[in-house]
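Trainee: My request is simple: use the sequences and hints to build the entire structure.
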Amino acid sequence: MDSTTILIGLASVLVAAAPVVFAVMGETLSERAGVINLSMNGTILLSAMGGFAVSVRTGNLFLGFLTGMLIGAAVALIVAFSSITLKQSQVAVGFVLALVCRDLSYFLGNPFMGLAGPRLPAWPLSGLKEIPVIGTLFFNHDLMTYLSFIVIFVSWFWIFRTRPGLMLQGIGERPAAAYVRGANVNLMRYVYTVLGGALIGLAGPTYSLSVKAGWKGTISGLDGIGWIALAITIFGGWNPLRAAFGAYLFALLQWLGLVLQPSLPNIPSQVLQVAPFPLMILTLLLVNIGDAEWVERTLASLPEPTRRFFAKAFRAMRASPPAALGVPFERD
Amino acid sequence: MKVELRGIHKYFGNNHANNDITLNIPAGTIQGILGENGAGKSTLMKILSGFIHADKGEILLDGKAVFIQSPATAIHHGVGMLHQDPLDFPPMRVIDNFMIGHSGGLFPNRASVTRDFKLIAEQYGFSLDPDAYVDSLTVGERQQLEIIRLLWLGARVLILDEPTTGISASQKEKLFATLRTLAEQGKTIIFVSHKLEDVEVLCHQVAVLRQGSLVGEAKKPFDTKKLVEMMFGKEISLGARQTLERHGSVLSLQNVSIEDVRLKIKDVSLEVSGGEVIGLAGMEGSGQGAFLRACAGIVRPVSGHVKVRGRDLTGKSYHVYKRNGVEFLPAARLEEGLVPGLSLTEHYVLAEKSKDVFINHERGLKQAQEKIAAFNIKGTPVHTIESLSGGNQQRALLSLLRDPLSAVLIEHPTRGLDIESVIYIWGKLKERCRKGTAIMFISSDLEEILQYSDRVLVFFSGRVSQPLDASTTTVEQLGQLIGGKGWAS
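First to last, the sequence lines map onto chains F and U.
Note that the numbering used here has the first sequence beginning at 1, numbered continuously upward.
Note that the numbering used here has the second sequence beginning at 333, numbered continuously upward.
Bear in mind the hints are in silico, worked out from the structure with no lab data behind them.
Possibly wrong hints are sitting among the right ones.
[Unchecked claim] Below 25 angstroms or equal to it, Euclidean Cα-Cα: the simulated DSS-like pairs (lysine-lysine) are:
| # | chain 1 | residue 1 | chain 2 | residue 2 |
| --- | --- | --- | --- | --- |
| 1 | U | K504 | F | K312 |
| 2 | U | K654 | U | K552 |
| 3 | U | K598 | F | K312 |
| 4 | U | K598 | U | K334 |
| 5 | U | K527 | U | K762 |
| 6 | U | K639 | U | K527 |
None of these values were measured; they are calculated from a predicted model.
Mentor: Encoded structure:
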């Protein structure tokens with residue numbers, strides 16, 4: 001493999017990760033506000049199918065993406081209503097929605113199976129794409145990939161650098177304290193859950209109109225992505241930059257599975273296809289290993305500078321969830 | 333700012349939590365609100381700070397009637413409340429905590445906010461690092477953060493709910509000094525407490541609540557006896573110190589060293605006899621927590637030996653210690669000691685060592701009734717544990733201890749409890765001592781330590797004092813050691 005092939009490969013990783021990025025950013029925003037949207041896996045499938053169907057019928061790509069976002073927002077609204085207003089279990093509602101939306105997408109998507117549909121055209125940014133290496137990596141893609149870069153940065157900036165973002169952190173951490181500081185906790189939770197849902201919904205059409213264009217029902221290969229995105233949100237420590245890193249790592253592992261296949265003929269292709277999933281789980285475990293008692297004890301026996309280094313590294317890696325995640329807010 | 337409450341009524345169901353309360357607090361006054369747990373103090377303060385609304389009555393600020401719709405409205409009117417458990421965001425930075433809720437444009441100007449923060453902090457002599465994480469601060473420092481935040485937002489009335497619970501003696505001094513300064517500047521301070529001595533030292537005037545009603549008011553200088561009478565409707569005294577007969581060595585520590593991320597405790601040796609009470613004093617996080625846990629096998633010492641009744645249990649788990657008659661009661665009652673959602677009966681069933689697969693409800697119920705009577709718990713067998721008051725939860729926790737025991741290790745046995753419960757709980761603990769149990773406890777209340785311990789260990793950033801005889805030690809001496817003075821270097 002020469003360097004150009006690798007460069008193009010890495011560029012394709014950024015493209016393939018775009019939908020995962022959307023989903024993970026959406027989930028991060030929602031969970032930062034304290035609401036777990038567990039429906040993600042179903043939402044992505046339903047919005048992929050819906051976006052594709054609308055684009056096929058109307059021939060309009062924009063309407064396809066919009067449909068995906070509306071589907072995502074609508075599903076999130078159900079999660080929000082049942083958990084914030086009715087104070088029901090977010091896990092139960094989200095899980096059932098994940099299953100329902102998935103089956104609904106297969107059922108409603110039957111008429112569109114295997115149809116040829118529109119596909120998002122590439123949109124190289126002339127001027128920027130000529131820059132060596134960076135141009136190929138970042139500026140020779142389609143609109144959605146660029147948008148995914150922007151969404152990462154904007155989410156991060158919003159959460160950590162703006163006044164409403166600070167309050168968002170507070171709402172997920174300790175809603176009572178946010179309320180005392182003047183936040184309308186439940187309204188904000190609605191807003192972020194629905195907004196996050198719309199981003200999750202954008203992931204679907206990004207697959208069906210671009211990354212894996214078309215709708216092939218159960219063999220679309222999208223089932224499971226939502227669950228991985230959920231894991232990446234946790235791995236990302238509810239921080240958009242770390243979460244984006246997780247999304248790219250996952251896409252990279254998938255890509256490696258493909259390129260390594262020819263050189264590893266003894267390993268069944270299924271193993272390489274499935275490998276990214278357990279590898280992601282392994283990464284998750286490693287990130288939070290600093291909390292385990294035996295690690296703490298081993299650390300305590302190390303010489304001081306080494307111990308301090310590891311302790312610091314573990315603390316930096318460790319991510320604690322928003323304390324009020326999944327807990328309905330009651331004023332008193 | 334002048335605060336007037338007129339004829340405040342509040343009902344929770346059938347419970348008349350506030351019954352026609354009228355109070356006048358002139359500007360520049362430190363007003364004490366005294367009363368037992370459940371007397372209606374918190375309800376009244378929640379009404380004033382906008383958390384809940386009065387069913388009847390009105391609130392006047394500087395002579396103008398106002399409707400305080402929410403805590404945000406309250407601070408807009410200049411009324412700020414410091415909650416017992418500071419309502420802040422522990423995993424976030426001090427400066428972010430300070431800033432959240434401050435209105436302004438989309439992009440906060442960190443540099444100018446940090447300047448403001450440092451200015452106010454300096455003005456009151458608080459040394460808080462704006463970049464520190466709040467969960468690394470002590471309760472006292474978190475209070476300081478909240479106070480300067482409320483002042484920054486323009487608070488002219490400051491309500492403090494039980495602010496001296498869980499902070500060290502020196503932090504309390506600082507807090508009181510700050511409150512006095514604020515009052516001199518014309519701010520109104522409302523100090524809610526069930527601690528008589530704090531109120532007497534600090535306040536200009538006091539209102540006493542009992543069972544939802546205002547039973548009396550008093551101005552400085554206070555007549556302690558009268559205040560106690562108003563609070564409880566009767567006189568109460570702590571009683572004389574008592575030392576009980578010793579029964580052989582129960583717990584023995586030999587050159588025990590403990591390390592955690594922040595602290596190192598080196599070479600502590602201690603013999604504890606049955607019937608003896610050992611008090612552990614020190615600022616929160618000085619090592620006494622780790623020490624107590626090491627005696628229970630929850631924290632592993634890095635070297636040295638822990639023996640219980642002569643058996644070397646070093647490095648064994650808490651379960652082994654438990655089998656050998658050592659039990660640990662944590663400060664976080666509901667989080668670590670009890671199971672929220674379960675009833676009293678269910679707690680006794682759980683604690684019971686029985687091989688039955690099915691729950692014997694009758695036996696559990698009978699046991700619950702016995703314990704409720706024996707420990708004077710205000711509640712019924714079907715009450716869930718979290719619906720009981722703090723004092724009753726603590727009684728329930730004590731009632732779950734097995735009998736007999738070699739040693740009971742307790743963190744803050746009476747934190748946040750009213751004086752009647754305190755006396756009751758210590759009565760029960762002393763009963764245990766009489767049967768030969770040793771007790772080791774942590775408290776930030778120095779009077780409690782001197783009143784009930786036989787010997788005292790003082791902790792200061794990982795250093796441990798020689799055992800002090802409680803009968804010849806004074807609060808001042810303890811306070812100095814806790815603050816780091818008088819240690820041989």
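Trainee: For every hint, state whether the structure bears it out.
Mentor: So, going through the hints one by one against the coordinates:
For the proposed pair K504/U and K312/F, the alpha carbon gap of about 33 angstroms is over 25 angstroms, so the pair is violated. A C-alpha spacing of about 50 angstroms is found between K654/U and K552/U, which places the hinted pair above 25 angstroms, so the restraint is violated. Distance hint between K598/U and K312/F is fulfilled; the C-alpha atoms sit about 24 angstroms from each other, no more than 25 angstroms. Of the pairs offered as hints, the one joining K598/U and K334/U is violated, with about 54 angstroms between alpha carbons and a cut-off of 25 angstroms exceeded.
With a CA separation close to 23 angstroms, the supplied pair K527/U and K762/U stays within the 25 angstroms bound. With a C-alpha separation of about 38 angstroms, the suggested pair K639/U and K527/U falls outside the 25 angstroms cut-off, and the hint is violated.
The structure fails hints 1, 2, 4, 6 (numbered hints given earlier, in ascending order).
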